[in-house]
Amino acid sequence: MIFLRRRLPLLITMITGLLFAGQYYVPHPASEWLLTSATKWLQIIGGFALVLGVTSLFHQHAVKIRRQEAGWGYSLVLYAGMLVTIAVGLWAGGKESLDGSMTAFGWIYSYMMVPLQGTMFAILAFFIASAAYRSFRARSREAAVLLIAAVIVMMGRVPLGEYLIPLSGDVSQWILNVLNASVRRAILIGVSLGTIALSLKIIFGVERSYLGGGKE
Amino acid sequence: MTFSERMLKIDRRIIFMVIGLCTLLPLLYPVGLPIKISPEVRNVYEYIESLPERSVFLLSIDFDPASKPELHPQAIALLRHAFRKNLRVVAMTLWVSGTGMADQLMKQVSSEMGREPGRDYVFLGWSPGGSAVIINMGQDLYTAFPSDYEGKPTRGIPVLEGVHSLKDVTYAISLGAGNPGVEAWYVYGKDKYKFELGGGCTGVIAPGLYPLLRSGQINGLIGGLRGAAEYESLIEQKGRAVAGMDAQSATHLAIIVLVAMCNLFYFSLRQQKGRG
Chain A
0 MIFLRRRLPL
10 LITMITGLLF
20 AGQYYVPHPA
30 SEWLLTSATK
40 WLQIIGGFAL
50 VLGVTSLFHQ
60 HAVKIRRQEA
70 GWGYSLVLYA
80 GMLVTIAVGL
90 WAGGKESLDG
100 SMTAFGWIYS
110 YMMVPLQGTM
120 FAILAFFIAS
130 AAYRSFRARS
140 REAAVLLIAA
150 VIVMMGRVPL
160 GEYLIPLSGD
170 VSQWILNVLN
180 ASVRRAILIG
190 VSLGTIALSL
200 KIIFGVERSY
210 LGGGKE
Chain G
0 MTFSERMLKI
10 DRRIIFMVIG
20 LCTLLPLLYP
30 VGLPIKISPE
40 VRNVYEYIES
50 LPERSVFLLS
60 IDFDPASKPE
70 LHPQAIALLR
80 HAFRKNLRVV
90 AMTLWVSGTG
100 MADQLMKQVS
110 SEMGREPGRD
120 YVFLGWSPGG
130 SAVIINMGQD
140 LYTAFPSDYE
150 GKPTRGIPVL
160 EGVHSLKDVT
170 YAISLGAGNP
180 GVEAWYVYGK
190 DKYKFELGGG
200 CTGVIAPGLY
210 PLLRSGQING
220 LIGGLRGAAE
230 YESLIEQKGR
240 AVAGMDAQSA
250 THLAIIVLVA
260 MCNLFYFSLR
270 QQKGRG
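Quick mapping for you: the protein sequence lines, in order, are chains A and G. Take the first sequence: its letters are residues 0 to 215, numbered as in numbering that gives the first Met the number 0. Take the second sequence: its letters are residues 0 to 275, numbered as in numbering that gives the first Met the number 0.
So that you can see chain A by itself, here it is in the shape it has in the complex (with noise of 0.2 angstroms):
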């Protein structure tokens, strides 16, 4: 058992681990074929994993509901719109339209979900300004720069900015292009390094948390 559940595993992952990060440099036809399969299988793979990720879903706030926890009214909310969608969307075949007419599915998604995702975002102006109004404080040296460079940057992004202080849109691109360029490459070379490190772990079969389960 412990093979299967253990050995296995890590012996699949160091094999295509391996061959995966060699295929990049091979442009031999049967690596290329290799790699073609592979992306079939995990497109295919990805289709699952949306099916695996509704059917948590529906598990989890079915929990809720049966428990009565706390905002489990929500979940109940969550059950029926993904319900009557799932149900509109397969009567009308997935399509929003079907010979100019809008499905019942299309409405669902035209008049609810679109409005609904693009009220979430907008609010955001509103809590985001007040936030500031409560936290942008100039409390040290290093929150000070913070704050000067956030007003150039927000008066150069904008063209009331740039006719009130016609300097603030080139210094905004440079604060953009330049200072936070460099920080952000910084970042990312330091993030790309620790990916390959840990990619390494696991093919070598030293990081194995991805197993689960424990100790052996």
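Don't take each hint at face value.
Pairwise CB distance ranges, derived in the manner of DEER restraints [said to hold, decoys possible]:
(1) Lys8(G) to Leu210(A): 50 to 56 angstroms
(2) Pro51(G) to Thr194(A): 35 to 41 angstroms
(3) Gln236(G) to Val170(A): 26 to 32 angstroms
(4) Ser191(A) to Ser49(G): 31 to 37 angstroms
As a list, the in silico DSBU-like pairs of lysine-lysine whose alpha-carbon atoms are at most 35 angstroms apart [unchecked claim]:
(5) Lys151(G) to Lys84(G)
(6) Lys151(G) to Lys94(A)
(7) Lys35(G) to Lys94(A)
(8) Lys193(G) to Lys67(G)
(9) Lys272(G) to Lys237(G)
(10) Lys67(G) to Lys39(A)
(11) Lys67(G) to Lys8(G)
(12) Lys67(G) to Lys191(G)
(13) Lys151(G) to Lys67(G)
(14) Lys94(A) to Lys8(G)
(15) Lys200(A) to Lys67(G)
(16) Lys94(A) to Lys191(G)
(17) Lys166(G) to Lys39(A)
(18) Lys39(A) to Lys106(G)
(19) Lys151(G) to Lys39(A)
(20) Lys106(G) to Lys151(G)
(21) Lys106(G) to Lys193(G)
(22) Lys166(G) to Lys237(G)
(23) Lys272(G) to Lys35(G)
(24) Lys39(A) to Lys193(G)
Worth flagging that the hints you see were computed from the coordinates, not collected in a lab. Here a beta-carbon is modelled for each residue, glycine too, at the ideal position from N, C-alpha and C.
Mind docking chain G on chain A? Use the hints.
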């Protein structure tokens, strides 16, 4: 409680009202301040402008309705430009929740520009797998998308004539609101399959993509509503983005004034406490 303390604990509904008015009033009474074009947006415009007719232009609409206010105007402006240049447009999405919106977008702009599906453009829809779809398209476009969004087999569609994989794409742009988006298109697409790549994104994401821009990994970047407004100005078809810039100007200014006020009251309070 002193005046400064009272002002620092101001009811947040007053702030909400200020922001609401700053958004609403400029939309009702637009001023139309001139918009300066940034080099990163101009690069995208000039690259599309330089493409020969019937070049293959891939637009990946990688966002959902939450980012519609910023990215929808970008997509409209890019499509108008591509159709005006008579490019072959291949559109798709990596975000399942954006599929319906992307389909509506394609139908709206293509009918406005008098372009025919199948001949001038194709909307491939969504395919599961996230970033793996990009690799799959790089290997074989017809494996990744055996049929288009309407269910027609992609093999044999005139607009895809001579297109087998991402290697046959002349220029690709990902309008991304997160992951998978512009970065995924570079890592899994451009780096291996060698096509020119541009990006469009929400204002929040834009600073994170500047390293890709500076190193030439993407040749241009349209950032947020401002970027969309710049592109609309470049193609001389002003739309929602240009209209929204006045509201964004007023809101930015309101936030700057609020932050300045908050700091003024904060320092005044600190001074009072220091004296006490």
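Here is what the structure says about each hint:
no.	hint	verdict
1	Lys8(G) to Leu210(A): 50 to 56 angstroms	holds (52 angstroms)
2	Pro51(G) to Thr194(A): 35 to 41 angstroms	holds (39 angstroms)
3	Gln236(G) to Val170(A): 26 to 32 angstroms	holds (30 angstroms)
4	Ser191(A) to Ser49(G): 31 to 37 angstroms	holds (32 angstroms)
5	Lys151(G) to Lys84(G)	holds (26 angstroms)
6	Lys151(G) to Lys94(A)	holds (13 angstroms)
7	Lys35(G) to Lys94(A)	violated (41 angstroms)
8	Lys193(G) to Lys67(G)	holds (29 angstroms)
9	Lys272(G) to Lys237(G)	violated (53 angstroms)
10	Lys67(G) to Lys39(A)	holds (31 angstroms)
11	Lys67(G) to Lys8(G)	holds (34 angstroms)
12	Lys67(G) to Lys191(G)	holds (30 angstroms)
13	Lys151(G) to Lys67(G)	holds (27 angstroms)
14	Lys94(A) to Lys8(G)	violated (50 angstroms)
15	Lys200(A) to Lys67(G)	violated (40 angstroms)
16	Lys94(A) to Lys191(G)	holds (34 angstroms)
17	Lys166(G) to Lys39(A)	holds (18 angstroms)
18	Lys39(A) to Lys106(G)	holds (29 angstroms)
19	Lys151(G) to Lys39(A)	holds (20 angstroms)
20	Lys106(G) to Lys151(G)	holds (16 angstroms)
21	Lys106(G) to Lys193(G)	holds (30 angstroms)
22	Lys166(G) to Lys237(G)	holds (34 angstroms)
23	Lys272(G) to Lys35(G)	violated (46 angstroms)
24	Lys39(A) to Lys193(G)	holds (21 angstroms)
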